[in-house]
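Starting from the given sequences, assemble the full structure and let the hints guide the process.
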Amino acid sequence: MTSVPVSGSAVSGSAVSRRAGSGHGGRRLRRVSRKAALNLAGVLVAVFALFPVLWMISTAFKPASELFSLTPHPIPLHPTLANFRNVFSGSVIGISYWNFLKNSLFITIVAVAVSSLVGLLAAIALGRFKFRFRTTYLIMLLIVQLLPQQALVVSLFIDFRKLNLLDSLVGLIAVYTAFALPVTIWMLRNFVAAVPREMEEAAAIDGAGPMRIFWRIMLPLVAPGLVATSVFAFIFAWNEFIFALTFLGTDTAKYTLPIYVTYFYGRGTVDWGSIMASSTLFTIPVLIFFLIVQRRMTSGLMAGAVKG
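Numbering-wise, this note's numbering puts 264 at position 264 of the sequence shown, and it's gapless, one number per residue.
Please keep in mind that the hints were generated in silico from the structure rather than gathered at the bench. These figures come from a predicted structure and were not determined experimentally. Where is the CB? At the ideal position from N, CA and C, for every residue including glycine. One or more of the hints may lead you astray.
[Unchecked claim] Straight-line Cα separation of at most 25 Å, SDA-like style, residue types lysine to any residue; simulated pairs:
#1 K102 to K254
#2 K102 to T246
#3 K254 to R132
#4 K254 to S279
#5 K254 to I139
#6 K102 to F290
[Stated by the list, open to error] Label-pair ranges, simulated between beta-carbon atoms:
#7 M211 to L147: 42 to 48 Å
#8 R216 to F129: 17 to 23 Å
#9 Q145 to P63: 41 to 47 Å
#10 G268 to A151: 30 to 36 Å
#11 I75 to Q145: 39 to 45 Å
#12 A113 to A151: 57 to 63 Å
#13 A37 to M140: 44 to 50 Å
#14 P74 to T250: 39 to 45 Å
#15 S155 to L117: 25 to 31 Å
#16 E198 to L163: 43 to 49 Å
#17 A37 to V286: 29 to 35 Å
#18 I95 to M140: 40 to 46 Å
#19 P63 to N190: 48 to 54 Å
#20 I158 to G209: 40 to 46 Å
Pasting the structure below:
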């Protein structure tokens with residue numbers, strides 16, 4: 001019987017390849033395990049964050065018999081629209097829900113537009129021009145932002161009473177704009193500083209004036225910053241309650257949605273179904289605004305990257 005000789009290099013080569021394959025398989029297994037653990041953690045965080053929202057929506061469709069049941073049900077057994085009808089009718093205050101929605105939308109949209117325009121102009125001045133006390137001004141913006149807003153209610157109330165701005169939507173817009181400006185200016189200043197000066201100089205050499213440079217170069221490149229700051233201003237103006245309740249006084253026709261929700265709290269009872277229904281309706285405009293802004297933010301970032 002003839003034996004076939006096997007070289008030592010072939011044996012060692014096969015052993016090395018097996019060890020390399022096992023090492024590669026181990027790294028791949030660890031990579032897959034790490035990815036699965038991260039996905040599981042993300043799912044747990046999402047469930048933890050979304051559970052109150054889902055419970056709010058579920059409660060909005062529950063009848064009174066299920067709201068006070070000893071056995072809670074995540075999904076309504078007998079869903080109803082009675083809570084939403086109660087909210088839309090406005091019977092709790094005698095004014096339709098649509099009136100409060102109109103007031104909130106008007107105040108929020110105007111406050112966002114004014115704060116974005118004024119903030120952009122101030123950011124351009126801070127990012128493009130050098131003047132005395134510029135650093136001091138930026139520090140003061142941060143200091144103003146650190147002040148608790150509720151601590152200014154009394155002083156602002158006295159000032160607005162002297163200016164006859166109480167019981168006025170214009171006064172509330174002025175307050176929301178003023179509180180949104182520090183963050184708006186500070187954030188937009190970074191976007192303005194990131195725009196190369198060479199682009200403006202090249203446009204000026206080609207004969208473009210200041211307004212043309214602003215509309216064709218500065219504004220498209222700073223658009224992502226405007227979107228980010230508009231989200232902050234929108235959420236603040238839409239959710240604010242203390243200043244709206246204090247400055248609008250007894251003029252219920254000018255109340256905003258956050259004040260309307262509180263009318264479902266009685267002295268001895270609480271209409272939880274209507275509160276959850278009004279809260280569900282309250283979040284819909286914010287979600288719509290964020291979805292629209294999110295798409296524009298992505299397109300603005302891509303356009304700014306190409307133009308830069």
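Now for the hints, and whether the structure bears them out:
Taking the CA atoms of K102 and K254, the gap is near 9 Å; set against the 25 Å cutoff, the hint holds. With a C-alpha separation of about 19 Å, the suggested pairing of K102 with T246 holds against the 25 Å cut-off. For the hint linking K254 to R132, the alpha-carbon distance of about 43 Å lies beyond 25 Å, and the restraint is violated. For the given pair, K254 sits about 19 Å from S279 by alpha-carbon distance, which is consistent with the 25 Å threshold.
The hinted pair formed by K254 and I139 fails the criterion: a straight-line CA distance of about 36 Å is larger than 25 Å. This hinted pair checks out: K102 and F290 have alpha carbons roughly 19 Å apart, not beyond 25 Å. As the Cβ distance of M211 to L147 is approximately 36 Å, the hint placing it in 42 to 48 Å is violated. Distance hint for R216 and F129: a CB-CB separation of about 20 Å, consistent with the stated range 17 to 23 Å.
At roughly 45 Å, the beta carbons of Q145 and P63 sit within the given window of 41 to 47 Å. Judged by the Cβ atoms, the range 30 to 36 Å given for G268 and A151 holds: they are separated by roughly 33 Å. Take I75 and Q145: their Cβ atoms lie about 43 Å apart, and the range 39 to 45 Å holds. Checked against the given bound of 57 to 63 Å, the beta carbons of A113 and A151, roughly 27 Å apart, lie outside it.
For A37 paired with M140, a C-beta distance near 46 Å keeps the hint of 44 to 50 Å intact. In this structure the hint that P74 and T250 lie 39 to 45 Å apart at CB holds, the actual value being about 41 Å. Take S155 and L117: their Cβ atoms lie about 26 Å apart, and the range 25 to 31 Å holds. Taking 43 to 49 Å as the suggested C-beta distance range, the pair E198 and L163 conforms, at roughly 46 Å.
Restraint check, A37 to V286: a C-beta distance of roughly 32 Å satisfies the suggested window 29 to 35 Å. With their beta carbons about 41 Å apart, I95 and M140 fall inside the hinted range of 40 to 46 Å. At roughly 52 Å, the beta-carbon separation of P63 and N190 lies within the given 48 to 54 Å, and the hint holds. About 45 Å separates the C-beta atoms of I158 and G209, a value consistent with the hinted range of 40 to 46 Å.
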